[in-house]
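Generate coordinates for the entire structure from the input sequences, incorporating the hints supplied.
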Amino acid sequence: MFEKQYREEMQKISPSKDLIEATKMAMRKEMEKQSEIKTIKTKDKPPFMRRAITFAAAAAVMMFAIFVVNILNQNGSGNNVFSFRVYGAEMQPDGTLIWREIDITQLHGWGGYYDGEVLYISLGLWFEFEGQNIDTVEFSLEDGFFATQYIGNWGQTPGVPRAHVGIPPCFTTSRLVQYGHEFDKVGNTITFGNTMPDDILLFWASYDIGMNEWMFGDMVLEIGVKATFDNGEVQQQQLVLNFQDNPGGGTMWTPEGVLPEPEGFLRLDPLTAEQHEYLMSTPLESFMLIEDSIQTFAGDREVFIFYVDEDYYPLNIGVPIFPEYWSRERVLENMPWFEDGVWRTLLGSYQGVVYIAVIEMNEDSTFTGRVYTTQLD
Amino acid sequence: MSQSNTMGSMEQIVDKYADMVYRIAFTHMKNKTDADDIFQEVFLKLCKAKVDFDSDEHIKAWLIRVTINTCKSTFASPWKKKMAEMPEEIGAYEDKLEDFEVSDAVRSLPPKYRDVIHLFYFEDMKIVEIAKILNSTVSTVKSQLSRGRSILREKLEGGVYNV
Chain A
0 MFEKQYREEM
10 QKISPSKDLI
20 EATKMAMRKE
30 MEKQSEIKTI
40 KTKDKPPFMR
50 RAITFAAAAA
60 VMMFAIFVVN
70 ILNQNGSGNN
80 VFSFRVYGAE
90 MQPDGTLIWR
100 EIDITQLHGW
110 GGYYDGEVLY
120 ISLGLWFEFE
130 GQNIDTVEFS
140 LEDGFFATQY
150 IGNWGQTPGV
160 PRAHVGIPPC
170 FTTSRLVQYG
180 HEFDKVGNTI
190 TFGNTMPDDI
200 LLFWASYDIG
210 MNEWMFGDMV
220 LEIGVKATFD
230 NGEVQQQQLV
240 LNFQDNPGGG
250 TMWTPEGVLP
260 EPEGFLRLDP
270 LTAEQHEYLM
280 STPLESFMLI
290 EDSIQTFAGD
300 REVFIFYVDE
310 DYYPLNIGVP
320 IFPEYWSRER
330 VLENMPWFED
340 GVWRTLLGSY
350 QGVVYIAVIE
360 MNEDSTFTGR
370 VYTTQLD
Chain B
0 MSQSNTMGSM
10 EQIVDKYADM
20 VYRIAFTHMK
30 NKTDADDIFQ
40 EVFLKLCKAK
50 VDFDSDEHIK
60 AWLIRVTINT
70 CKSTFASPWK
80 KKMAEMPEEI
90 GAYEDKLEDF
100 EVSDAVRSLP
110 PKYRDVIHLF
120 YFEDMKIVEI
130 AKILNSTVST
140 VKSQLSRGRS
150 ILREKLEGGV
160 YNV
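Protein chains in written order, with numbering that gives the first Met the number 0: chain A, 0 to 376; chain B, 0 to 162.
These are computed hints drawn from the structure, not numbers from a lab.
Beta carbons are placed, not taken as given, at the ideal position from N, Cα and C, and that holds for glycine.
A couple of the hints might just be wrong.
To be verified - Partial pick of chain B residues on the chain A-facing surface, computed with a CB cut under 10 angstroms:
#1 M6
#2 D14
#3 V20
#4 D55
#5 S102
#6 I132
#7 L133
#8 L151
As structure tokens, then:
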């Protein structure tokens, strides 16, 4: 019914004949222009010019071949081998931070900040560059720019809010992605020595997109990495960070007054470690089940939708927000975190009312999703 | 099928894919004026690109991808960001607003769901093909399709549409 109606409506939308003719006319002009350029290049030159051009072209091909061989030599031989290890700053139970090596394909979440003008997406990563004789390592972006946050004495300054991302049960050791709300805008390249300073958090930033465009976009960042060695040799790699295909949620902060569209976001007020522990370990029977939220999924359904009335979730200062759906694939990826076939996560909280999402694997390998709620003291 | 870049072959491509390009552009831009601009820009890009297409599917996929990217680039410009606040218009298609209830609901979806829903339901493309065109993964497209359906179900609640 939907499909039929959609087709009928879309059939009514088509370009006008005038538009099609005008487009063809513009294409004709473009092709004529290209044809004229071609004619000038190939026919209107006197013979000696054509020979000169042929010679120049041959020389250019030779130069290019030499250049390519040179590049291959730079990348494929010699002692100058470049690679990097990636670390995330993890908070320990005592509140201190350590850098722990992580798999860059398993980022377990992302963090960001939107001030109404600039969107900052935290990489939350520290790079250790490996290889002998590295002079500099340059990160570059085609879109957006880099920004940094200074975390000073390992994030121990009192009163500075910080955000972490991770998936249960590693909440207490999750990755630091934001430290306060001060940013240094760097530019579309940032250059390090043979190691990245360990007292900064690195961000990708942009004036061109907002929170929703990020959330509903590809959520993929591509960064060019160029290592220059002491002898001038250069090696390049492409670093791709895919936040969408990772199993963790996102944490986005906004200053008060910046209210992006709430669709797709749920609010989670900051909780203490004790509150989190209580919510994650208390028997579910102690909480109130939201009957409307119960959904059972077999293999033919891909997405769990946790239903909570979004009207109760205005965004505010220091508010992490999470996508409200988990794909079956994502759930399966997180199976190690299931205890006795039941997995739970905090879905959102507002003014002390907390929502807890639960996914349970049934005996027939289907899943049941449901939401509980409780009021914190 | 190697398409020589003759005007004749270009015009054939325009005739064959005009509706498809225009509908994707309209679905993104939500108004006739911008859809017209995108339409012209896409086919001019076709002229300039000199792509050696090897099949009709190749042409179709190229046009879909370029149309979506051109729409996104237009929205990314600071000028368009300001203009995007203006009310939507159906333009020349103002038969009756209720005539566009379902397609309006699709157009109001976030872009990543909108593209997937349109390509799946209107262009009859398979999830694998959509994933390829959108440079995405099959699982992501499946999730987006399912999420898009779910949002549509909520938006069209009260209607008789079985999404």
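Here's how the hints hold up against the structure:
1. M6: For M6 of chain B, the interface hint holds, since the closest Cβ of chain A sits about 6 angstroms away, which is under 10 angstroms.
2. D14: At 8 angstroms from the nearest chain A Cβ, D14 of chain B passes the 10 angstroms test, so the hint holds.
3. V20: 8 angstroms, holds
4. D55: 19 angstroms, violated
5. S102: OK, holds: S102 of chain B within 10 angstroms of chain A, min 4 angstroms.
6. I132: Violated, about 13 angstroms.
7. L133: 9 angstroms, holds
8. L151: At 7 angstroms from the nearest chain A Cβ, L151 of chain B passes the 10 angstroms test, so the hint holds.
In summary, the structure is inconsistent with hints 4 and 6 from the numbered list given earlier, while agreeing with the others.
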